[in-house]
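**Q** Please work from the sequences and hints to get the whole structure.
Chains as they are written, first to last, in the numbering used here: chain A, 1 to 213; chain B, 1 to 51.
Quick caveat, the hints were computed from the structure, so don't treat them as lab data.
One or more hints might be untrue.
The calculated lysine to aspartate or glutamate pairs, modelled on DMTMM-like cross-linking and capped at a C-alpha distance of 20 Å, are [claimed, not checked]: (1) B:K20 <-> A:E163; (2) B:K27 <-> A:E207; (3) B:K46 <-> A:E184; (4) A:K142 <-> A:E163; (5) A:K190 <-> A:D200; (6) B:K32 <-> A:D35; (7) A:K38 <-> A:E184; (8) B:K20 <-> A:D153; (9) A:K115 <-> A:E129; (10) A:K186 <-> A:D150; (11) B:K46 <-> A:D153; (12) B:K46 <-> A:D150; (13) B:K20 <-> A:D150; (14) B:K27 <-> A:E163; (15) A:K38 <-> A:D8; (16) A:K90 <-> A:D35.
Some chain B residues close to chain A (C-beta under 10 Å, calculated; not the full set) [said to hold, decoys possible]: (17) T24; (18) G40; (19) A44; (20) R45.
Listed next, with one range per pair, are the computed distances between beta-carbon atoms [what the hints assert, rightly or not]: (21) B:D35 <-> A:G149: 19 to 27 Å; (22) B:G40 <-> A:G88: 53 to 61 Å; (23) A:D8 <-> B:V41: 39 to 47 Å; (24) B:G16 <-> A:G9: 44 to 52 Å; (25) A:L198 <-> B:D30: 40 to 48 Å; (26) B:D30 <-> A:K90: 41 to 49 Å; (27) B:V41 <-> A:G102: 28 to 36 Å; (28) A:G149 <-> B:D30: 24 to 32 Å.
Using N, Cα and C, we set each Cβ at its ideal position, and we do this for glycine too.
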Amino acid sequence: MIFYRPTDGDVHNVQMNWRPRTCFLMLAMGDQLPDEVKRMKQRVSTALTRAKFDVVDAASATTGKDYLLKIWTLAVSCPVGIAIVHEGIKPETMANIYYELGWMQAYGRETVVIKIGDVKLPSDFVRTEYIALDANFTRNLKGFLNSLGDRADYYERLASLLEQNPLLAIDYMRRAYLLTGCSEFKHNAKHIFDSMGLHDTTGASIERLMVNF
Amino acid sequence: MSKKKDIVQVRNPRSGHFVKIDRTAGKIIDHKKSDGAYKGVPIARKSSKRK
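**A** Here is the structure:
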């Protein structure tokens, strides 16, 4: 996959700092958060930790680069994204959350929206998975987290079936790796790369950037 | 003589529907809209155990 930066539209031709088994939490930041959102963040973080996932959010990475680029690299590098939306969140913050959710879906990440209260999702998210804060919340969140292993299996299987299409196979292998953290998938991707006869490509080539994860 | 196609199917756990894959061409060629598997197309099983 070729990543174009949202800041200038140019290709991102440096190695991504991949974050296997990590969830990017998309929610409003700051001390003014509604209590329900604070409690939900804690609840989701606990469930993710139990499922052996690390958690990052917009406040997690500190770099000298601009804020948008920082958020974008976080979103791209994580296999899972969970958005927490609440009727009390400001419209411009909601728009940012949906923007980040859109990135993650476009890059083939696993996403789910957690709805607190009477919040209506935009129509473009009609097929996006969501979990409402109701009596079934814990079971539904656990169900989503449990489904990630099946998805990794599927990506691995597709990668092996699509070996005649090497870059696509490598991308599926990377998705399986990011969801599981299993180093076997890294080796499999390198094996596919080796069979492509691209050893003379530079370190910044798209092919090498794809296979180095 | 044309090359024999190697077509299999796998179930997408997210949609719950089967997708058909042409291994020779290295591409997904169809997504089933209804429940159940394609008739006459072998289902690709998992190839290896994860370590």
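**Q** Decide, hint by hint, whether the structure agrees.
**A** Structure-based check of all given hints:
1. B:K20 <-> A:E163: The hint holds at about 15 Å.
2. B:K27 <-> A:E207: Holds, at about 19 Å.
3. B:K46 <-> A:E184: Distance of about 15 Å is within 20 Å: holds.
4. A:K142 <-> A:E163: With Cα atoms ~33 Å apart, K142 (chain A) and E163 (chain A) exceed 20 Å; violated.
5. A:K190 <-> A:D200: Given pair K190 (chain A), D200 (chain A) holds - Cα atoms ~15 Å apart, limit 20 Å.
6. B:K32 <-> A:D35: violated (44 Å)
7. A:K38 <-> A:E184: violated (37 Å)
8. B:K20 <-> A:D153: holds (16 Å)
9. A:K115 <-> A:E129: holds (11 Å)
10. A:K186 <-> A:D150: The given pair, whose Cα atoms are some 18 Å apart, holds under the 20 Å limit.
11. B:K46 <-> A:D153: Holds, because 8 Å separates the two Cα atoms, which is no more than 20 Å.
12. B:K46 <-> A:D150: Satisfied, since the Cα-Cα distance of roughly 11 Å is no more than 20 Å.
13. B:K20 <-> A:D150: The given pair, whose Cα atoms are some 18 Å apart, holds under the 20 Å limit.
14. B:K27 <-> A:E163: holds (9 Å)
15. A:K38 <-> A:D8: Violated: K38 (chain A) and D8 (chain A) sit about 34 Å apart, past 20 Å.
16. A:K90 <-> A:D35: With a Cα-Cα distance of about 15 Å, the restraint between K90 (chain A) and D35 (chain A) holds, given a limit of 20 Å.
17. T24: holds (6 Å)
18. G40: violated (18 Å)
19. A44: With a minimum Cβ separation of about 6 Å from chain A (threshold 10 Å), the hint on A44 (chain B) holds.
20. R45: holds (8 Å)
21. B:D35 <-> A:G149: 19 to 27 Å: holds (22 Å)
22. B:G40 <-> A:G88: 53 to 61 Å: holds (54 Å)
23. A:D8 <-> B:V41: 39 to 47 Å: holds (45 Å)
24. B:G16 <-> A:G9: 44 to 52 Å: Violated - the Cβ-Cβ distance for G16 (chain B) and G9 (chain A), about 37 Å, lies outside 44 to 52 Å.
25. A:L198 <-> B:D30: 40 to 48 Å: violated (30 Å)
26. B:D30 <-> A:K90: 41 to 49 Å: holds (44 Å)
27. B:V41 <-> A:G102: 28 to 36 Å: Given about 34 Å between the Cβ atoms, the range holds.
28. A:G149 <-> B:D30: 24 to 32 Å: Roughly 26 Å apart at Cβ, these two residues keep to the hinted range, so it holds.
Violated hints for the displayed structure, listed by number in ascending order: 4, 6, 7, 15, 18, 24, 25.
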